[in-house]
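Student: As a plain string of letters, each chain reads:
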Amino acid sequence: MGAITVSGLGKAYKKYPTRWSRLAEWMLPFTRQRHSLKWVLRDVSFQVAPGEAVGLIGINGAGKSTLLKLITGTTQPTTGNVWMEGSVAALLELGMGFHPDFSGRQNAYMAGQLLGMTVAELDALMPQIEAFADIGDYMDQPVRVYSSGMQMRVAFSVATARRPDILIVDEALSVGDAYFQHKSFDRIRQFRKQGTTLLLVSHDKQAIQSVCDRAILLDGGRLAREGRPEEIMDYYNALIAERENDTVRQAETGDGKVQTVSGTGEANVADIALLDEHGARIEVVDVGSPVTLEVRVRVNAPIPRMVLGYMIKDRLGQPMYGTNTHLKGLPLDGVAAGEEVVYRFAFPMNLGPGSYSVATAIVSTETHLVNNYEWRDLALVFTVMNMRRPHFEGSAWLDPAIDIQRI
Amino acid sequence: MISPLMLRGLWAYRGFVLGSVKREFQSKYTNAMLGAVWSVLSPLAMILVYTVIFSEVMRAKLPGNDSSAAYSIYLCAGILTWGLFAEIVARGQGMFLDQANLLKKISFPRICLPVIVVLNALVNFGIIFGLFTAFLVLSGNFPGLVFAAIVPVLALQVLLAIGLAMVVGVLNVFFRDVGQFVTIAVQFWFWLTPIVYPASILPEQFWPLLDYNPMAPIIQSYHAILVEGAMPQWQRLLPAAVLAVLLCVLGMRLFRKRAGEMVDEL
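Chains as they are written, first to last, in my numbering: chain D, 1 to 407; chain Z, 1 to 266.
By construction, these hints were calculated from the structure, which means they are not laboratory data. Incorrect hints may appear among the rest.
Said to hold, decoys possible - Estimated spans, in silico, between C-beta atoms of each pair:
hint : chain 1 : residue 1 : chain 2 : residue 2 : range
1    : D       : Q33       : Z       : S27       : 38 to 46 Å
2    : D       : F46       : Z       : L34       : 55 to 63 Å
3    : D       : G73       : Z       : I184      : 33 to 41 Å
4    : D       : T79       : Z       : L34       : 55 to 63 Å
Said to hold, decoys possible - Simulated crosslink set (PhoX-like; lysine-lysine; CA at most 25 Å straight-line):
hint : chain 1 : residue 1 : chain 2 : residue 2
5    : Z       : K22       : Z       : K104
6    : Z       : K22       : Z       : K105
7    : Z       : K257      : Z       : K22
8    : Z       : K105      : D       : K15
9    : D       : K38       : D       : K15
10   : D       : K205      : D       : K193
11   : Z       : K104      : D       : K38
12   : Z       : K22       : D       : K14
13   : D       : K14       : D       : K38
14   : Z       : K105      : D       : K14
15   : D       : K193      : D       : K183
16   : D       : K183      : D       : K205
17   : D       : K38       : Z       : K105
18   : Z       : K257      : D       : K38
19   : Z       : K104      : D       : K14
20   : Z       : K105      : Z       : K257
21   : Z       : K257      : D       : K15
22   : Z       : K22       : D       : K15
By construction, the Cβ of each residue, glycine as well, lies at the ideal position given by its N, Cα and C atoms.
Just chain D, same shape as in the assembly (with noise of 0.2 Å):
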């Protein structure tokens, strides 16, 4: 239970070149064919395993709408087909067809029976749905008088009180205040663990790196590639980025990973390293410990202004510390061609035990987006290991001064 096939899949939409062309099409059937295809999708093969958790990516109009309704049955396919085993239970638009006027528990029922269950079903569930949702007496009052994210809670509450097989998501989690974004997404965990298969469409980096064991990029309505979802999100990051000009490429490293470097090319990062006080070159470092990350910039075409930033990600991808020297106020004003600039960064190592990536760009200002000259994902890799301080939990080192009073 619970497997989603994708093979072949494809859509078009029919383009007629004028309003009559269509009854001319219905009306003479031995006519030739009127309309021209749109494609909006195509070829686009997959599988998800049961209990395996997918993120689909892409930029706006890369068709991942279109894939969504394709698999949830909304439209109907041009070419290919999708399998499914199992219940399915997608939130696509949360809060579709709540009536104004009705209170949130009447369409609570209402969404429900959408949902295909029955009255009694909802009234075993509606305690649950309540207590999710945690509105309140507004559980009660006509919808018209919510928030937006109330809605959102009694929407979602309805939509996950059963258990799937295969939940479908698309970014509705993005609504909603923290406290209720942690909920749902602790429900959506909760799920996972008992076996459910998920499908999430995000744009949030966070949201694909913690919950899904692989990602999905789509790009024009194909799909332009599969795999660890660090892996795909750096390569997304890139794509736009590169929206214009250049290349996008990603190298297998060492030890595995793949690390993606994209950009323009009037510099790149010719040599990077982490020093310890002594300048001697590391890979593993002690919690706490005082270190300088040296990076090597040559420069091989004349940049008005050149910034160079880095950040330090943890092995799921997670940032723990980015800067730039924008932001710490030293760009560099009309840098040449065949010039070498080396930065220094010294800084205390108060990370916790782990493995971390620094991920480099060297742009014109704070953003990558206006002038991307090089953007190196995982240029380097370093252990943190704890071999002098008390064992602690968590990826930061933030050692506390204690004082205890017993009064």
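Mind docking chain Z on chain D? Use the hints.
Tutor: Below, chain Z alone, put in the same frame as chain D:
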């Protein structure tokens, strides 16, 4: 015509269908202080208006019938049943367009929508026709056992309306002119059918033309039952029955063939 798969979907979503009917009925009155009383008051007012204005104020009488109530019964019998037909057709032509959002976002058996439209119309009709029947009983004009003959006529009329609504509803998604045209056509159809006037006031050469109007024999059947207390002439209903079946078959075929494409056009 209706596949087992459709029926199964409909059965699985019976809660949704019944809930929608109930809610649509409720939604009209949830914010009114008198609530559901209005659903009785407005048809009551209509019956009263027809009765008072036509039979008392205008002293309209049916040719060959002296009872002053006869004309108002004649009027109500036609207008109320026509109202059911017109409501199904009017709501039917917009049933897919109006629910565009739902159809695009949520996967549920599409056949629920026409069923909801028909059930809703039947509920509204049930209320008003129930009142009318009560009025017949109280005023001593109840035709007796013949009244039961209304059921098959009503069934035929609803079938005709469903067939037409399905055809028009599906076509309207692809050709929006259809809806506009049907709205106008139904208005003309009302006046081309002997509802407000008796057929006998028409010049004799137009009588054969009435045979081409499938609604004419249906409405005349109601008149026969309710005004004269006579059985309808069943054989005259045959063409309407054939047309109703044809429209239903055509409507279901259109629906099944185009249901998938429909969502792309909404």
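Student: Each hint should be assessed against the structure and marked as holding or not.
Tutor: Taking the hints in turn, this is what the structure says about them:
no.	hint	result
1	Q33(D) to S27(Z): 38 to 46 Å	holds (44 Å)
2	F46(D) to L34(Z): 55 to 63 Å	holds (58 Å)
3	G73(D) to I184(Z): 33 to 41 Å	holds (37 Å)
4	T79(D) to L34(Z): 55 to 63 Å	holds (56 Å)
5	K22(Z) to K104(Z)	holds (23 Å)
6	K22(Z) to K105(Z)	holds (23 Å)
7	K257(Z) to K22(Z)	violated (30 Å)
8	K105(Z) to K15(D)	holds (22 Å)
9	K38(D) to K15(D)	holds (7 Å)
10	K205(D) to K193(D)	holds (21 Å)
11	K104(Z) to K38(D)	holds (18 Å)
12	K22(Z) to K14(D)	violated (38 Å)
13	K14(D) to K38(D)	holds (6 Å)
14	K105(Z) to K14(D)	holds (20 Å)
15	K193(D) to K183(D)	holds (15 Å)
16	K183(D) to K205(D)	holds (19 Å)
17	K38(D) to K105(Z)	holds (21 Å)
18	K257(Z) to K38(D)	holds (21 Å)
19	K104(Z) to K14(D)	holds (17 Å)
20	K105(Z) to K257(Z)	holds (20 Å)
21	K257(Z) to K15(D)	holds (18 Å)
22	K22(Z) to K15(D)	violated (39 Å)
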